[in-house]
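Novice: Fit chain B to the supplied structure of chain A, relying on the hints for placement.
2 protein chains.
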Amino acid sequence: MGLEVVLGIDIGGTFTKFGLVDKSGEIHFEDEISTREHATVEQFIAAFFQHLTNRLDQLDTVFHIKGIGVGAPNGNYYSGSIENPPNLAWKGKIEFVKLMEDQFHIPTVVTNDANAAALGEMLFGDARGLSNFIMITLGTGLGSGLVVNGDIVYGNDGFAGELGHVRAVDNGRECGCGKRGCLETYVSATGIKRTIFELLSEENVESEFRNIPFSKLKPKRITAMAESGDPIAIKAFERTGFLLGRSLADSVAHISPAKIFLFGGLAKAGKWIIDPTKKSMEEHLLPIYRNKIDIVPSALLKKNIAVLGAAALIWKKLDRNRES
Amino acid sequence: MGLEVVLGIDIGGTFTKFGLVDKSGEIHFEDEISTREHATVEQFIAAFFQHLTNRLDQLDTVFHIKGIGVGAPNGNYYSGSIENPPNLAWKGKIEFVKLMEDQFHIPTVVTNDANAAALGEMLFGDARGLSNFIMITLGTGLGSGLVVNGDIVYGNDGFAGELGHVRAVDNGRECGCGKRGCLETYVSATGIKRTIFELLSEENVESEFRNIPFSKLKPKRITAMAESGDPIAIKAFERTGFLLGRSLADSVAHISPAKIFLFGGLAKAGKWIIDPTKKSMEEHLLPIYRNKIDIVPSALLKKNIAVLGAAALIWKKLDRNRES
Chain A
0 MGLEVVLGID
10 IGGTFTKFGL
20 VDKSGEIHFE
30 DEISTREHAT
40 VEQFIAAFFQ
50 HLTNRLDQLD
60 TVFHIKGIGV
70 GAPNGNYYSG
80 SIENPPNLAW
90 KGKIEFVKLM
100 EDQFHIPTVV
110 TNDANAAALG
120 EMLFGDARGL
130 SNFIMITLGT
140 GLGSGLVVNG
150 DIVYGNDGFA
160 GELGHVRAVD
170 NGRECGCGKR
180 GCLETYVSAT
190 GIKRTIFELL
200 SEENVESEFR
210 NIPFSKLKPK
220 RITAMAESGD
230 PIAIKAFERT
240 GFLLGRSLAD
250 SVAHISPAKI
260 FLFGGLAKAG
270 KWIIDPTKKS
280 MEEHLLPIYR
290 NKIDIVPSAL
300 LKKNIAVLGA
310 AALIWKKLDR
320 NRES
Chain B
0 MGLEVVLGID
10 IGGTFTKFGL
20 VDKSGEIHFE
30 DEISTREHAT
40 VEQFIAAFFQ
50 HLTNRLDQLD
60 TVFHIKGIGV
70 GAPNGNYYSG
80 SIENPPNLAW
90 KGKIEFVKLM
100 EDQFHIPTVV
110 TNDANAAALG
120 EMLFGDARGL
130 SNFIMITLGT
140 GLGSGLVVNG
150 DIVYGNDGFA
160 GELGHVRAVD
170 NGRECGCGKR
180 GCLETYVSAT
190 GIKRTIFELL
200 SEENVESEFR
210 NIPFSKLKPK
220 RITAMAESGD
230 PIAIKAFERT
240 GFLLGRSLAD
250 SVAHISPAKI
260 FLFGGLAKAG
270 KWIIDPTKKS
280 MEEHLLPIYR
290 NKIDIVPSAL
300 LKKNIAVLGA
310 AALIWKKLDR
320 NRES
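As you go down the protein sequences, you meet chains A and B in turn. For the first sequence, position 79 matches number 78 in numbering that gives the first Met the number 0, and the numbering has no gaps at all. For the second sequence, position 61 matches number 60 in numbering that gives the first Met the number 0, and the numbering has no gaps at all.
Be careful, since some hints might not be right.
Stated by the list, open to error - In silico contact screen, one side only, chain A against chain B (beta carbon under 8 angstroms); selected entries:
no., residue
1, C176
2, S206
3, Y288
Hint data in this document are derived by calculation from the structure and do not stem from the laboratory. Built from N, CA and C at the ideal position, the CB exists for glycine as well.
Excised from the complex, chain A in its bound form:
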């Protein structure tokens, strides 16, 4: 038999991370392979299968892998496909679940990375017991997972929860999606970087940022600079939080969540991002919603929430199948 686990996979533009996760959320084995190196999805799946079986053969523990959960950009829970993923080299509509099941012969389910993160928080983090909450993932872009009545909101087509593309600023910054002013062009690792350079253009104040070219600025640096009192860094967090809080006020008017969780590199900035976001959200909320909703960092901030979330996705599905 072996130890019962599922395989959680987080497909990112550069790396694909994965782990074997038991039902309590413990990760028994984790590793990663390159996503970018494989030009086609078929090559990627073949290489991934080879790599995983080699690694598992070297381990002392015997695992019984009951299913595979996948978080991927534009992953669609209903169709099992990944459709035109924005940051991957693979184009078109990829029948990911089918290809994986053909290779692995175990039940596979896919969703987008932010929905996976929301499920991870719900099964293994601080959203346990909450029926209505929002997960915001702040990476290169802004992803979101909405939970209503205890279930992920997939919507009619499986693509619900794209808060990165709500209108934050009229005719604002150019977005990769073809629109302008989308929330993620301001609120994300890339977004706050753009805001740093916007501020350098507007203000005369001295700042170390004046010595760093756009292409070299790492978002992590912005938090360090805020800590050391850099006025541009502090102001960048204020602007970012203002826009995030203002948009979240509108999200609250939709689903009225109990809590909002932040995950990702920018969420690690802690109070620098959370305080201005809270302040702005409260200012923009309809009075009936005020002083009710907490914005907190994910409890899994230091763990691999994407892998845990992908694992949660398939554990949830396996449980449901058993019940029905």
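Specialist: What follows is chain B alone, placed relative to chain A:
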């Protein structure tokens, strides 16, 4: 025994409409009483009870009223209360369900009028079979009922679905809620009226509207004027639809509905409001959502959807109680 029906009640600022509705959605009796005349909710309920029993005594049919469903501004499904209703004379937190059950001794349930309308469409209208849709009610204000995975979205506190108060315009028109730029200050019977007067201030074009004072303009008139080619009326619908469509694009990014229904006086304007709304929504949608979502008038536009919806609310609850 008598014919099995429920009592559906729609509490509005001026009138309270009600009807006896059977399980197929047929209204067997309907009537209305004044809301405004009764200074306290206790007086209102006593008068309503008196009025209803008098009327039912005069009828030939004997009804067996199994339950009462109520749609009311700020009606809260969870708590059974009406909290600080914006358009009613009754203030504070009113324990409406308790007061009604004390008087009528039958199960009573309350929600807001827009949620009731969504339920009406789901049980008796064109949303039958849809698991994810949005109902927008365009009356004095803009109300909304969101349906996700086949259930109304009540949210953590019972107050979800206030799309009338999302940010339509930065620092825009003054709203009754205390904020500025809320969607309902532009998109509602009152909103389009304000737009007419905005246009009269901006443009020099001849229009019959120049002879009508603000206090006398009836929204119904605006549709008639658009039909007769009045350029201000036509432009007012375009602006209204532009803002509604732009906001709906953001709502789609939240819950990705199969359809969006419009109800209320302004929805009766048909193509005048629907065409510019569709056009604008498509323009502002994230590409993955384009050409998927229909915006249509409610199938119950000519019926009393609010009474039917309130009836649907209690029928749904009675069914659930029987199942569990």
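Novice: Each of the hints needs a verdict: does it hold here or not?
Specialist: So, going through the hints one by one against the coordinates:
| no. | hint | verdict |
| --- | --- | --- |
| 1 | C176 | holds (6 angstroms) |
| 2 | S206 | violated (28 angstroms) |
| 3 | Y288 | holds (7 angstroms) |
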